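J.: Here is what each chain is made of, one letter per residue.
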Amino acid sequence: EPEVTQTPSHQVTQMGQEVILRCVPISNHLYFYWYRQILGQKVEFLVSFYNNEISEKSEIFDDQFSVERPDGSNFTLKIRSTKLEDSAMYFCASRGKNWDNSPLHFGNGTRLTVT
Amino acid sequence: AQKVTQAQTEISVVEKEDVTLDCVYETRDTTYYLFWYKQPPSGELVFLIRRNSFDEQNEISGRYSWNFQKSTSSFNFTITASQVVDSAVYFCALSGGGAGKSTFGDGTTLTVKP
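Here the protein sequences come in this chain order: A and B. Sequential numbering from 1 applies to the first sequence in the numbering used here. Sequential numbering from 1 applies to the second sequence in the numbering used here.
Check before you lean on any hint, since a few could be wrong.
[To be verified] Calculated pairs, PhoX-like style, for lysine-lysine (alpha carbon to alpha carbon, straight line, at most 25 Å): (1) Lys42/A <-> Lys113/B; (2) Lys3/B <-> Lys97/A; (3) Lys78/A <-> Lys42/A; (4) Lys3/B <-> Lys57/A; (5) Lys97/A <-> Lys57/A; (6) Lys57/A <-> Lys78/A; (7) Lys42/A <-> Lys83/A; (8) Lys70/B <-> Lys3/B; (9) Lys3/B <-> Lys42/A; (10) Lys42/A <-> Lys57/A; (11) Lys16/B <-> Lys38/B; (12) Lys16/B <-> Lys113/B; (13) Lys113/B <-> Lys3/B; (14) Lys38/B <-> Lys3/B; (15) Lys97/A <-> Lys38/B; (16) Lys70/B <-> Lys113/B; (17) Lys78/A <-> Lys16/B; (18) Lys83/A <-> Lys57/A; (19) Lys70/B <-> Lys57/A.
None of these hints come from the bench; they were simulated from the model. Keep in mind it's a predicted model, so treat the numbers as computed, not measured.
Pulled out of the complex, with its shape left as it was, chain B reads as follows (with noise of 0.2 Å):
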């Protein structure tokens, strides 16, 4: 079975902090997927990054940037000086090969005050 376990419910930065969220998974699974994705108020669910268990190199993509370490089996994500527009929740999701379902973490939910 598959599990996604974001730790933090809710944080609250003021703007221009750096900020974590962390990521522990589980599966059995030799290959998987990993997900970040962003729900903002207007409650779409928008695509950040994905990463294979095959590709533990860390990536930096403007403001965001993603630790992956398979030996703690944790995928966490940093955005480096917040901004209000952050304020979102975040969810790291799992998928396996084949048709792949994926499963989501609870959420965390990020408040950037100005």
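Pulled out of the complex, with its shape left as it was, chain A reads as follows (with noise of 0.2 Å):
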């Protein structure tokens, strides 16, 4: 069964420094997303991302992120600077045009840890 893949599974950086995480959705889905869960909280919405352009984000979605499907396979989620705060597993999700024929299919996480 296909899946969404994200890389790294684990990333390190300090802060102040910028990241970028990788995903890569099923390929014939048309919806992104990307959400974020801090450790033993609830997953949180950050963004979502239709048809080359944001749909939708949260209010933690400031400036310092920013979201790119730069090739047609790949979606990104940039943080320019990072924070202590952006500690956090940051996931990918896509899904296809209908809910009823494709539910939500999550990556398995990237772990970003801030220092």
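Build the complex from these two chains, which are given one at a time in their own frames, with help from the hints.
T.: Set out below in structure tokens:
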């Protein structure tokens, strides 16, 4: 069964550094998402992306965050200047056109540690 | 605004007991989707079930069953004859139509003891 893949599985970075989290969604999917889960807490929506633009973003997704689908297969999340509170598990997800036919598929996540 | 409430923070049962995880939701959308995900200790999110707002038919899949009641805005999940491998955090989630971000509940940590 096709799956969403995320790399790296774990990223350690210093405060103030830029990080790029990478995701390869399922190939025929149309909607792409990033979610975040701070350790031990709920899964929080960051941003949705459709038709090469952001559809919706949460208040967490401020100017330090950006997303890109540079080549039709990868879907990246960039954090420009990381803060300690950005430490979390970041999940990429994708789905097809219709919810009835296509549940949200999550990748295994990237654990970001900011020191 | 959408909201999902999982009132049970932690549940502990002994193997072979049945356990029900509660989920109550709020939405103004007329079309919406409800989900349950399992997050084992390894951290990934495993999709278990999806229900749309027009389908109140309850479902059973092996040891898992779901009870969706629009009248009470609830989407509860029951595990019959629980096993140690069922130990995980379980999330209920709600999504509206369109691009449809999903709103997650806080999760219920289920511990099944041998």
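J.: For each hint, tell me whether it holds in the structure or not.
T.: Consistency of the hints with the structure:
1. Lys42/A <-> Lys113/B: 24 Å, holds
2. Lys3/B <-> Lys97/A: 24 Å, holds
3. Lys78/A <-> Lys42/A: Holds: Lys78/A and Lys42/A sit about 21 Å apart, inside 25 Å.
4. Lys3/B <-> Lys57/A: 17 Å, holds
5. Lys97/A <-> Lys57/A: Measuring from Cα to Cα gives roughly 19 Å; hence the hint holds.
6. Lys57/A <-> Lys78/A: Given that 25 Å is the threshold and the Cα spacing comes to 14 Å, the pair holds.
7. Lys42/A <-> Lys83/A: 20 Å, holds
8. Lys70/B <-> Lys3/B: 15 Å, holds
9. Lys3/B <-> Lys42/A: 13 Å, holds
10. Lys42/A <-> Lys57/A: The hint holds at about 17 Å.
11. Lys16/B <-> Lys38/B: Holds, at about 19 Å.
12. Lys16/B <-> Lys113/B: 9 Å, holds
13. Lys113/B <-> Lys3/B: Measuring from Cα to Cα gives roughly 31 Å; hence the hint is violated.
14. Lys38/B <-> Lys3/B: 19 Å, holds
15. Lys97/A <-> Lys38/B: Answer holds: Lys97/A to Lys38/B is near 24 Å, not above 25 Å.
16. Lys70/B <-> Lys113/B: 33 Å, violated
17. Lys78/A <-> Lys16/B: Measuring from Cα to Cα gives roughly 45 Å; hence the hint is violated.
18. Lys83/A <-> Lys57/A: 19 Å, holds
19. Lys70/B <-> Lys57/A: Between Lys70/B and Lys57/A the Cα gap is close to 28 Å, so the pair fails against 25 Å, i.e. violated.
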